[in-house]
Amino acid sequence: MQKKRYVLKFPPQSGDQPFSYHLVKDFDIRINILRAEVWPGKTGSLVLELEGTTTNLKNGIAYLEENQVSCEPLNKKITWDHVRCISCGNCTAVCFAGALQLDPGKWELQFDPEKCIVCELCVPACPLNLFKIDFRE
Amino acid sequence: MKTIGIGTRIFLGGTQGFVVWPGTQFNTSKPKNEHGVPMSNSATLAVMGNLKEMSSEFLQAAYYEKYGVSLFVGIGIPIPVLNADIAKCVSIRNEQIQTTVLDYGVEGTPALGRVTYAELRSGEIEVQGKKIRTAPVSSLSKARKIAEILKQSILAGEFEISKPVQMFPTNTSLKSLKEIKGGDEK
Ligand code: SF4
Ligand code: SF4
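Protein chains in written order, with the numbering used here: chain A, 1 to 137; chain B, 1001 to 1186.
Just so you know, these hints were derived from the structure itself, not from any lab. All values reported here derive from a predicted model rather than from experimental measurement. Heads up, some of the hints might be wrong.
As the list claims (entries may be wrong) - Output of the computed footprint for chain B on chain A, the stretches with three or more beta carbons under 8 Å from beta carbons of chain B:
id : region
1  : 84-98
2  : 105-113
3  : 120-128
C-beta atoms are modelled at their ideal positions from N, C-alpha and C, and glycine is treated no differently.
Looking at chain A on its own, in the form it has when it is part of the complex:
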């Protein structure tokens, strides 16, 4: 079993196709939707975490691409300069994914990259500008 994150881009007019149903049913892939932007008549985008065997993941992605859905592995990461962080907590108010939290005992900021959906809201929210987007693999 493997867990991978992908950014999917849908062509307009694909809203009525049950892609996720097929990923689950035909390829036995577990889907976790991290972020979704779908507008009628426009290109939609989804950030998914897919979990399945290597072959199933490969076949599932191939199926999506056959249907004009582009699949890019999510290789953006958020980095946080914890040395300069003063734990003011400003960033926690915008992190709806719950990746940034103040621990209630010491009131120090904790960053859980596992929960981060790279929505980038924390980047402008930090008054000390401590979040950077990292494009390396």
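Chain A is fixed; fit chain B with the ligands onto it per the hints.
Coordinates of chain B with the ligands only, in the frame set by chain A:
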């Protein structure tokens, strides 16, 4: 107001500094709650210290999106517990401190309601029936660190608690300037 005045020695940005004057918008006639705590911003302080002795651990430039530049300054003020009255003041709990929620999205920043510090610390408050997430914006972990440093330096005799040269006036109020539009128009 009982122990802090002009000349009070304080911890400032990693070194020792002094309270030198009332701060901007110093106002002692704001309404107080039953515990004697003002329910919105009230007495503020003007402080002074030697920048060259300060450290970036307690002094950092900050920028707030859509607001502007600011400065994070670590300040610690020792409060000598000289009598029962002062002891009562320093034992006030978060549940007993109230503050006013203001709407900064509207001109004149109207008040939306009152909450206590305990509610704010829980991470969520309710304003006009809506649940709103809260964040400290000032750093509690740094504040505790400063309190500990201050305590240690007082115990070690490196920090002398000083009696103010003069206390602050207790009956001041503000005449605020009226905002008028048009200044920045091109
Ligand atoms: S907003 Fe910046 S300084 Fe404040 S807790 Fe978050 S990362 Fe730290
Ligand atoms: S990008 Fe920032 S705000 Fe968004 S989920 Fe990750 S840590 Fe939270």
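Legend entry - In rising order, the numbers of the hints this structure does not comply with: Those not satisfied: there are none.
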